[in-house]
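The whole structure should be built from the sequences, with the hints applied where relevant.
Residue strings, one per chain:
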Amino acid sequence: MYGTVHNLWPTAAALSVAALFVLPSCTFIEFEPSPYQPRGVDIVYSQQEDITFFVWRVGDVVDFDRVDFELLVDGDYRPVDTEETIFPHAPYECDRNYYCLQFQLDGNRIPAGDAPVVRAHDDLHGTLESPEAREHQVETTFSIDPLATDNNRRATAQRTDWFDDEEIPLRRQWQWGLIESDGGECTIGSPDGWSTLRPRVELPQNWINSTPCFALRPHRSDGGGTVVVDRLIESPMLFGEDFDETIPSEKHPVHLAFLVNLEVTNEARCEQYIDSIRSEIFDSLDELEDHEDYPRTAGYEDLGIYRPVDNTGEEQSGCTQDTDHVYPVEDIITDADEATAGSTEISTLVVVYLNNLDLPPAQSNIERLAPLFEDRPEDADPHYYGWAIGSHTVLSIFPWNETTPWAPLEDENFLPAIETDVQRQFPLRSTDFDGDDTMTVHAPNASDDPQHVRLCTISPQPQRVALPPGEPGPYDTDTWAWPDDRSPKLFFDIPPQRFVRYPDFNEYRITGAYEVCDQYCDHPFIASDGQVHDSWVDAEGACRWD
Amino acid sequence: MAPKLNSYPVTSSLVLYLLISLSTACVSADDYVPPRDDIFAPLHHADLAEFDYRLSLDEHAGRDDAYTAVGRALFDLATCRDISDPPAVVEEDPEALLAYELVRLEQKRRSRLVRRYTETERHPWHASTIHEEFSSPHFFDTEADVPEGDLIEWPDLGEGWPDEWPAPRDVSTRCDDLIEHRRDGPVAEPFDDVNEDSLAAHLVDEWLQTRRVDRAVEHLDDDSPLKPRVQHRIGAHRADLVIALRNDDEAMDAGKEAIAESTDDVLDELQRLGGDDPPVDLDLRAAWLAIAAGDDDTAVDALVRLTDHPDDGVADAARYYAVQLAWLDGDWETAAALGDRMIDGPAELRSAYAYFAATAHQHVGNDEKFFGLSRDALQGRSRDAADPFAGSLYRQLLRELVRFDVDDRTTELLEEFGPRAELSTRIRELAEVAVDMGYPDTARQLAEPLLDDTRDARKLPRIRATLALAAFLEDDRDEFDRHVEQLLHRPDQLQEAIPRERRAAFFAHRDTELARVLRATLPLMAQWGDDPGAQALRQQWLEVLVEQTRTFLRTTPESAVSEDLAELYRLAGRLLDDHPRGYAERVGEEEPSASALVLGTVDMPPTPPLDEAPRPQLRWPEIPSLLLIPSGGVPPDQFTNALEPDSESL
Amino acid sequence: MGLNHHIFQRLLAVAVIGLLLAVSSPAAADGDDETTLQERFASKEGRLYAQLGGQALIRDDFYFSPGIGADVGYYFNEQWGAELRGAWYFSRLSHTGEQMAEDHGFAPDMRAPDAAVTAGARYSWGYGKVLATGDFLVHFDPQLVASAGVTFAEERVVPTVNTGVGFLAHWRFGFRTQLDLQASVHVEQRDRGWIPAFGFAPVLSVGWSPPAGGF
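Protein chains in written order, with the working numbering: chain R, 1 to 546; chain U, 1 to 650; chain H, 1 to 215.
Calculated directly from the structure, the hints in this document are not laboratory data.
Built from N, CA and C at the ideal position, the CB exists for glycine as well.
There's no promise every hint is true.
Over the 10 Å line for every Cβ pair with chain H, so calculated as not near, a few chain U residues [what the hints assert, rightly or not]: (1) P147; (2) R477; (3) R490; (4) E612.
Cβ pair distances, simulated, as ranges [stated by the list, open to error]: (5) U:H45 x H:P202: 26 to 36 Å; (6) H:W194 x R:P79: 47 to 57 Å; (7) R:P79 x H:F76: 50 to 60 Å; (8) H:W194 x R:D74: 44 to 54 Å; (9) H:P202 x R:T196: 55 to 65 Å; (10) U:G632 x H:E45: 34 to 44 Å; (11) U:H45 x H:E45: 28 to 38 Å; (12) H:V150 x U:H45: 22 to 32 Å; (13) R:D106 x H:P202: 53 to 63 Å; (14) H:V150 x R:T196: 40 to 50 Å; (15) H:V150 x R:R198: 53 to 63 Å; (16) H:W194 x R:R134: 34 to 44 Å; (17) H:T96 x R:D63: 14 to 24 Å.
In structure tokens form, the structure reads like this:
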């Protein structure tokens, strides 16, 4: 297609051109302090170092490639290069939204008068002058209190810095070294070599023998620098140990006896009930290891189905009820005793009582069931456990360990309810104390000659502590002198649990940490929280170890 | 500095900018030179918009020569615009002038055809002419095509820039309202009295335009191949115009002599153009003109040649005219020779042709051809009063047949002269003709079997009447009485069954036949003469007739023909010498009228009304195209009559 | 304030331009529409081009920002083209801005533009020619231009949109000049937040476009 012209275009073009001419008015400019203007100027003269420090700030958006700075020195503005000074350092972000710059000159160069001390010059903005500077004359700008750490393998200078204290930004490197001494006062001298100072510096081996002094100086670009020295204090020799022990438990094997007393006149359907319930229980027991929250295995044995017998002693179907029918409870107990005989474990006899009739059973049968609910010794084997699946009347006549309301087989909740009941019961568990509930504190392997021991953390709290050969005493301090011949022992008070349903069982753990001191136990040390303590042995509750 | 902005802002910035541009970009404005090739090609491809575009390019470039003018005239013709007189540049080029004048002629023809259409409303008005295409609003592509190339289209700003040329434009045709066009202006002598917008005026205009074409032809080189081509067409076309003028009453009223003169001139021209072996289209027109001019010889010559025309309609019409002309001249031999076979066409035409041809054969004694042609014309046809030639031929045929004895062949022949179902009618009619012509024996032989064969009781009275007349001619009074009584007999049970007021209508047939018998016999008896024998015989027959009639009138006063019969009864009674007239019959009677004498035997000669003979058109189409459309460039290397590529179909 | 004076001047300019536009609008086509054709002097369809030129970013931002630029583009057809443009600015503070800096240490809260990269589209909405001294013709396309990209202003990267009109004049042999008069929109993250700034960005370039399909 070749050009066609719509009459709308002239209007559109006119509007466009109009916009071109009107729009430049709208820039919403506000003036702000120029980021290039030097500000926050500090001038510090250190008598200790005989250096004048200049520190100033510019906006953090400044492009240092396009700006030059000048300092007022001796009445003249001299261009300065922050890379060419005593403590050269590139501009760095400081405070907030600022770059900090520093420059130093030897001697006291604090200018007289009110003239701006720093000026910035760039092509875009021209020359920008600093506002009035803060001036400081300081006697001492740094000192040290050296201390060995980490069982005397490393040391820290514990430097005090006036600039840090006054929050005047200054960045410079430090150097350290060791100077041998005779154990007397340290004198200023030169170490064998200077190393860069770090928060922790590695000490040479056997340094303790030479009782050295710790020397520190700022790292000047010309190699000099004011030196300070002080005695290096040995640190305590500490060895830590963690412990984490679980109180053991045992699972009780299950012996299932099904006592059937139903009222289901159709015998086939009655048997269907019995089979379905049994299968559901067995299947659920088999599938316990797939349980979502508490996977476990349960050993079980089926003692069989027990049906009432008539007064002639003949076993009945268990599908119709009669006052003459008698529950074979003795047979169950006898069979269970036989099944559990010879086993070291204590088993659980689970009597599953099936009775769907909403009437109490005959009084004689109630009496027959009573032994199952009598109190028995804790270690009686087997442990009796009753589970009724039946009518509400039946469920309420005995203190059953578990009850499941009866429902037709076709009820979609009946068999799942049985499965759920299996899952929340079996196997039963009991606490298995191996001896008594005590814990022995062993000396760490690295410790050659333990002098003191301190419990750093422990849970639960011990009831008593035994420091042989003394008798156990109450637990009221965490630091003890190490006993001469045997290890200290801790006593706990942990409640026993007996035949507790599997998910309801509480697993007990004893956890904690302790450290042992071999040497210099009254020397200062730095605790795990970074705090310096004057004496380890006196610092209750503070450990070098976490 | 003349800014030409396509719509557009001139800002100070732009001016500055343009100054900068100008300072460095010396781009000059070059004239546009359109290509010069076959400007007529788009026309031949019916692309009218493109044709207009090509013409306008030449006109824009100032190259509008003779053929551009011809092209523009053709464009105007195609879009139904007026076409001016040829410009001077065309006058200088004989071929271009010819082509131009032909376009004008074509335009005038179209104008005349449309004018004729407004009178006749005969669709389509442009049948078989190039106007089926040229004047159709839909034949041509009238939508402008977008030219190829990277082009700018400028709107009409009224500026003439040398580097621009006109854009193709959609062609608006005015052919939609052709009918609305009116001719106005004077008409040439001697037709200046005719209406300005009459068909005659158009015809005269067109005629004059053919003369302009003639003059253009005269300017051609003698050996120009266009010359015979155009002359032939123009000659034929001029003949058409003369014929049209002759058919136009208004024109004939105004200039009959001029038209007659022109007729002769054109006839001469056609004969000159046709030479020894004239082409059919010229022959057709020559024949027609010769008939019109009364030049029978020339007409017959041409018509004879045309009997071989491939169009059967034309060939048959030519044969018909040829036979008719010979017949009218009494040249039976020629008529018989030409009319040796039947023609196709409308029944009336076939009847007329058969009449002329068959009677010519009758004259030369060729009965077989006579019967054959008659049979061809009449076979299967019912009698139609509107076709007098068929009736005449039929009567001629019956008269001829009556001369032969009645036998099986008579019936066979009669069977072929009309619908088979109406054979009994034809036998009866033959019987009646036999009675008329005095062959009572033949009549009886024909009619008696009919009495037995006829199932329709309403037809019996007529047969009985015929038999009664035959008996009368044979002077067999018993037989006559018997037939008349049968005719008058009204069975009692019928009388009772039919209410009185309906009886007249019911018995009207037989009563009418009785009246016919009386009407036929009385004149015959009057012819018998006055010799005693004849008088005696007449008295005997009159008594019979009067008696029968009186009996009838008395018994059936309600008859539909009572009045007629009463008149005949009185007439017969007057002829009867001792007519026993009662008083009542005399009272109030007027003097006997002369009508009795008029009632002679009417022997109508079978000659049809020749003036009403059909005049079939010697049909020929209009000359499809009068145009010479250049093609193949400028100057054209050929001229075609119509638009390629299917010009042959025109 | 001087700002208002500027606005009046500009409104006047707008009025004048509007009037010119109205006058130069084509008259409605008459009944007998004699449109004309001509060969396009220089086609753009399917052709690449490259240009160099000068430009400026004019805003009330207390900076002078002249610059140079280079762009390459391609026309898909005679109407539509796409373009990639790079610009380098030589910005400095205006006199007022310098005064503010020197006297008060204040600077505009907008940063001075250093460079810009934009991609955009050009639309030729017409075709024009001017006859000069009766001999020479200037063929040009009035255009609408829109582009988007980023402007690098000191430490900031500023989303940028330009839109306006362009005038593309065709010379011989594929050479061309182009004047763009665009409104610019810069949305800059200042200390107060994202703030728009509107400006005027004229560009005058000279370039060359190789023939379609190569040589």
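A quick look at each hint next to the structure:
The claim that P147 of chain U is not at the interface with chain H is violated, since a C-beta of that chain comes within 10 Å of its own (minimum 6 Å). In this structure R477 of chain U is separated from chain H by more than 10 Å, as the shortest Cβ-Cβ distance comes to about 101 Å. Separation of R490 of chain U from chain H is adequate, the least Cβ-Cβ distance of about 91 Å exceeding the 10 Å criterion. The claim that E612 of chain U lies off the interface holds: its Cβ sits roughly 60 Å from the closest Cβ of chain H, which is beyond the 10 Å cut-off.
In this structure, H45 of chain U and P202 of chain H break the distance hint of 26 to 36 Å, their C-beta atoms being roughly 53 Å apart. For the pair W194 of chain H and P79 of chain R, the beta carbons lie near 38 Å from each other, so the given range of 47 to 57 Å is not met. Separation of P79 of chain R from F76 of chain H is about 56 Å and conforms to the stated range, judged on CB atoms against 50 to 60 Å. Hint check: W194 of chain H to D74 of chain R, Cβ distance near 48 Å, so the stated range 44 to 54 Å holds.
In this structure, P202 of chain H and T196 of chain R meet the distance hint of 55 to 65 Å, their C-beta atoms being roughly 58 Å apart. Range check, G632 of chain U to E45 of chain H: about 37 Å between beta-carbon atoms, so the 34 to 44 Å window is met. Take H45 of chain U and E45 of chain H: their Cβ atoms lie about 30 Å apart, and the range 28 to 38 Å holds. Hint check: V150 of chain H to H45 of chain U, Cβ distance near 59 Å, so the stated range 22 to 32 Å is violated.
The supplied range of 53 to 63 Å is met by D106 of chain R and P202 of chain H, whose beta-carbon atoms lie about 56 Å from each other. Between V150 of chain H and T196 of chain R the CB atoms are about 43 Å apart, so this pair conforms to the stated range of 40 to 50 Å. Distance hint check for V150 of chain H and R198 of chain R: the Cβ-Cβ separation is about 43 Å, which falls outside the suggested range of 53 to 63 Å. For W194 of chain H paired with R134 of chain R, a C-beta distance near 36 Å keeps the hint of 34 to 44 Å intact.
Checked against the hint of 14 to 24 Å, the C-beta distance between T96 of chain H and D63 of chain R comes to roughly 23 Å, which is consistent with it.
The structure fails to meet hints 1, 5, 6, 12, 15 from the earlier list, while all remaining hints are met.
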